[in-house]
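Here is what each chain is made of, one letter per residue.
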Amino acid sequence: MRRVYFDNNATSPLLPEVFEAMRPYFFEKFGNASSIHQQGQQARAAVEDAREQVAKLLGARESEIVFTSGGTEGDNLAIFGMVSAGDHIVTSTIEHHAVLNASKRLEQMGCTVTYVPVDRNGVVKIDELRAAIRKETKLISVMMANNETGALQPLEDIGKIAAEHDVYFHSDAVQAAGKVEIDVQKIGCDLLTISGHKMNAPQGSGALYVRKGTLLESMLKGGRHERGRRAGTENLAGIVGLGRAAQISREWLATGGAERMAAMRDRLQNSILESVELATVNSASVPRTPNTANVIFEHIEGEAFVISMDLKGIAVSTGAACSSGAIEPSHVLIAMGLTPDQARGSIRFSLGKTNTDEEVDFVASKVPEVVTKLRELSPLWKKHTQTAIG
Amino acid sequence: MNTDFKTIAVAMSGGVDSSAVAAMMVDRGYNVIGLTMQLWNQRRLGDKTGHTEPVAGRCCSIDDVYDARHVAQKLNIPYYVVNQESRFEQDVVKPFVEDYLSGRTPIPCSLCNNHLKFDQLLITARQVGADAIATGHYARNEYDAERSRWLLKRPADKAKDQTYFLFGLTQEQLSRTIFPLGEMQKPAVREEVRHQGLSVLADKPDSQEICFIPGGDYKQFIDAYLDEQGETLPDTSGALVTSTGEVVGNHTGIHNFTIGQRKGLGVATGSPLYVVQIRGDRREVVVGGAEELMTKTLTAKRLNWIAIEDIQKPIRVQAKIRHKHQPAWATVERDGDGSVKVTFDEAQRSVTPGQAVVFFQDDLVVGGGWIC
Chain A
1 MRRVYFDNNA TSPLLPEVFE AMRPYFFEKF GNASSIHQQG QQARAAVEDA
51 REQVAKLLGA RESEIVFTSG GTEGDNLAIF GMVSAGDHIV TSTIEHHAVL
101 NASKRLEQMG CTVTYVPVDR NGVVKIDELR AAIRKETKLI SVMMANNETG
151 ALQPLEDIGK IAAEHDVYFH SDAVQAAGKV EIDVQKIGCD LLTISGHKMN
201 APQGSGALYV RKGTLLESML KGGRHERGRR AGTENLAGIV GLGRAAQISR
251 EWLATGGAER MAAMRDRLQN SILESVELAT VNSASVPRTP NTANVIFEHI
301 EGEAFVISMD LKGIAVSTGA ACSSGAIEPS HVLIAMGLTP DQARGSIRFS
351 LGKTNTDEEV DFVASKVPEV VTKLRELSPL WKKHTQTAIG
Chain B
1001 MNTDFKTIAV AMSGGVDSSA VAAMMVDRGY NVIGLTMQLW NQRRLGDKTG
1051 HTEPVAGRCC SIDDVYDARH VAQKLNIPYY VVNQESRFEQ DVVKPFVEDY
1101 LSGRTPIPCS LCNNHLKFDQ LLITARQVGA DAIATGHYAR NEYDAERSRW
1151 LLKRPADKAK DQTYFLFGLT QEQLSRTIFP LGEMQKPAVR EEVRHQGLSV
1201 LADKPDSQEI CFIPGGDYKQ FIDAYLDEQG ETLPDTSGAL VTSTGEVVGN
1251 HTGIHNFTIG QRKGLGVATG SPLYVVQIRG DRREVVVGGA EELMTKTLTA
1301 KRLNWIAIED IQKPIRVQAK IRHKHQPAWA TVERDGDGSV KVTFDEAQRS
1351 VTPGQAVVFF QDDLVVGGGW IC
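Keeping their order, the protein sequence lines are chains A and B.
Using my numbering, read the first sequence as starting at 1 and increasing by one per residue.
Using my numbering, read the second sequence as starting at 1001 and increasing by one per residue.
Some hints could be false.
For lysine to aspartate or glutamate, the following EDC-like pairs were computed, each having C-alpha atoms within a straight-line distance of at most 20 Å [claimed, not checked]:
| # | chain 1 | residue 1 | chain 2 | residue 2 |
| --- | --- | --- | --- | --- |
| 1 | A | Lys56 | A | Asp266 |
| 2 | B | Lys1160 | B | Asp1363 |
| 3 | A | Lys366 | A | Asp7 |
| 4 | A | Lys382 | B | Asp1119 |
| 5 | B | Lys1301 | B | Asp1027 |
| 6 | A | Lys373 | B | Glu1172 |
| 7 | B | Lys1219 | B | Glu1209 |
| 8 | A | Lys312 | B | Asp1119 |
| 9 | A | Lys138 | A | Asp119 |
| 10 | B | Lys1186 | B | Asp1203 |
| 11 | A | Lys382 | B | Glu1172 |
| 12 | A | Lys373 | B | Asp1091 |
| 13 | A | Lys312 | A | Asp127 |
| 14 | A | Lys383 | B | Asp1337 |
| 15 | A | Lys373 | A | Glu277 |
| 16 | A | Lys383 | B | Asp1091 |
| 17 | B | Lys1313 | B | Glu1292 |
| 18 | A | Lys312 | A | Glu251 |
| 19 | A | Lys353 | A | Asp166 |
| 20 | B | Lys1160 | B | Asp1362 |
| 21 | B | Lys1324 | B | Asp1281 |
| 22 | B | Lys1006 | A | Glu251 |
| 23 | A | Lys373 | B | Asp1131 |
| 24 | A | Lys366 | A | Asp266 |
| 25 | A | Lys135 | A | Asp119 |
| 26 | A | Lys56 | A | Glu181 |
| 27 | A | Lys138 | A | Asp266 |
| 28 | A | Lys104 | B | Glu1228 |
| 29 | B | Lys1204 | B | Asp1223 |
| 30 | A | Lys135 | A | Asp166 |
These are computed hints drawn from the structure, not numbers from a lab.
Just so we're clear, the structure is a prediction, and the values are computed from it rather than from any experiment.
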């Protein structure tokens, strides 16, 4: 069966050029970047080249890039690395679980945390954020783009607030990197997380931007890798892949890639809205990443939709997966004010660099029949049609 | 009747029975989709009940899901875990707690069958393209053209008979359910699983007791659940009385008792005393001798009829008042709207409000209801 993958926010496929860039570093060009000999120096050179590419992607200096194993590690490093007992942190209700659970752990360890709410569009309420800052506030952590809705957060405004109050500012940009322009100088952040596998690089790769002069306590203790900020022999091939993916993303962004992707996403979105009744797009009226469309289909179970689509060869998602493989309702959508039924009926379509217009047409053609079948058998829909007639 | 079905969803628990069913349905040439329902998060009350590690062999432990997933992988069938936690809590857990607090002894398994396994799961199965579901229940069903009704019957392996918990199934549900284990004995089912190359599972012990209460201490569960909900355990302490009204002691809460219970009364009189009645409204627990546990009649409501459409004239049945109860001859007759009166030929012991009474005629399940 043909398979179409529209779940790039969960993970994205490795681009062939990325793998080709990585390949020699598994074999003839293997090496430990800290070794003195030729293999080591070669590895070191490759790591530093990759570092340069990532720095350019973010508008940062090379020395400000710390390679990590991905978004979760980057978020944890930023948060645990900056905060000590007694500190106060300001974050939002829609952050990724890495940030939320790190914050919860800090609460257990004697810190206080304010979780700033979002509006119905899933955008953080900037006034409440400002009001939450107090003397003990050490760090603000707000994501750049939300993984469920794609909604972009007002980072530059937050950057200004952070500067005014002399508070550190971290942003989880995992969903934004490679999809929208990132300039850490314009944003005014001190720390920023990116993840390789969300941008066509391998799983297990990532980076944390750490502004020069920011005193970060490392989490992983060991050798003095990454300027003492992250011990552990470099994931050579992974880093090379991340660097190449960063370079490809820059080129893609510079040549209208984001606009083309947004057009594809809009076509998918509009086609769905035209052919299915009682469907709305979450965060439609605010700036979003160009690849994400999160759609509420009223009166259906999102899980059954995802399963039905999977059985037709199409990959999309809803909510968040838990360890058994069952789905839990999205805390993000609930935080935005959706009812539990609406949250359960919301589907995320997230495109990637390898998706095509033809795939968009294929998926758009399957959605109406799946929704119709689900509604036919749904007690929620029966109730709705009865009250509508009644 | 099953020849029209092309795609079957198998309800997989990770246990021997449902794994055998999945394998058998694949062998029979159906398109098979494996589904597991996530019904209860075992970690939820873990720190309150002292059970922080998920217990295997209970509903939805990670190990069981992995087992089910592993079976699906071996059989090369699509497999999904479906989250029904909130419905399970509403339709099974809450009534369970309420029943105990009102002095009844609930059967969550019947409610789970009625609302989750054969309702929600069947809906989900059909939504994703299955025509019917197959489960590992030991039961038989068939269509009777003469009566124009779907019938539910006891299985070949009477020791594993689960029809007591299935009395609530509707015609629609029965028409879309396959019970492949109905003709099989349990040892043969284990053999089937071994034969499919799943020998690790073949020796997995059968799960017993209530799936969402690890350790089986339902009182501890009720305490922990109410605590989590921010509710206090209502004070239902009161008097232990005899059937003549004489007070013989005190108790600390009616949910601690069930009909027929002998231990934990805190009263010693020389001859054994049993709980014969629980009067929730008066917070009284009535105790008496063994002979007071015997009764010939009961009333049941919220009936579900399977073999017949409804009861008109009185009928003769073999009635079961508990899962582990030998069916006893009785006459069932209408008793007002939606109720029946059941009169046993011989007095039965410990008729318990909250349990189900299920009516059989030999292997045929006529119907059943809830004991008042």
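Outcome of the hint check:
1. Lys56(A) with Asp266(A): violated (29 Å)
2. Lys1160(B) with Asp1363(B): Holds, because 14 Å separates the two Cα atoms, which is no more than 20 Å.
3. Lys366(A) with Asp7(A): holds (16 Å)
4. Lys382(A) with Asp1119(B): The given pair, whose Cα atoms are some 15 Å apart, holds under the 20 Å limit.
5. Lys1301(B) with Asp1027(B): Violated, at about 42 Å.
6. Lys373(A) with Glu1172(B): holds (18 Å)
7. Lys1219(B) with Glu1209(B): Given pair Lys1219(B), Glu1209(B) holds - Cα atoms ~14 Å apart, limit 20 Å.
8. Lys312(A) with Asp1119(B): It is violated: about 24 Å lies between the C-alpha atoms, which goes past 20 Å.
9. Lys138(A) with Asp119(A): violated (25 Å)
10. Lys1186(B) with Asp1203(B): holds (12 Å)
11. Lys382(A) with Glu1172(B): Within the cut-off at roughly 17 Å; holds.
12. Lys373(A) with Asp1091(B): violated (25 Å)
13. Lys312(A) with Asp127(A): violated (45 Å)
14. Lys383(A) with Asp1337(B): Answer violated: Lys383(A) to Asp1337(B) is near 27 Å, above 20 Å.
15. Lys373(A) with Glu277(A): With a Cα-Cα distance of about 13 Å, the restraint between Lys373(A) and Glu277(A) holds, given a limit of 20 Å.
16. Lys383(A) with Asp1091(B): holds (19 Å)
17. Lys1313(B) with Glu1292(B): Not satisfied, since the Cα-Cα distance of roughly 31 Å exceeds 20 Å.
18. Lys312(A) with Glu251(A): violated (34 Å)
19. Lys353(A) with Asp166(A): Violated, at roughly 39 Å.
20. Lys1160(B) with Asp1362(B): Roughly 16 Å separates the two Cα atoms, so the pair holds.
21. Lys1324(B) with Asp1281(B): violated (29 Å)
22. Lys1006(B) with Glu251(A): violated (50 Å)
23. Lys373(A) with Asp1131(B): Satisfied, since the Cα-Cα distance of roughly 13 Å is no more than 20 Å.
24. Lys366(A) with Asp266(A): holds (17 Å)
25. Lys135(A) with Asp119(A): Given pair Lys135(A), Asp119(A) is violated - Cα atoms ~26 Å apart, limit 20 Å.
26. Lys56(A) with Glu181(A): Satisfied, since the Cα-Cα distance of roughly 11 Å is no more than 20 Å.
27. Lys138(A) with Asp266(A): Not OK: Lys138(A) and Asp266(A) at ~40 Å, beyond 20 Å, violated.
28. Lys104(A) with Glu1228(B): holds (19 Å)
29. Lys1204(B) with Asp1223(B): violated (31 Å)
30. Lys135(A) with Asp166(A): Holds: Lys135(A) and Asp166(A) sit about 10 Å apart, inside 20 Å.
Of the numbered hints listed earlier, those contradicted by the structure are 1, 5, 8, 9, 12, 13, 14, 17, 18, 19, 21, 22, 25, 27 and 29.
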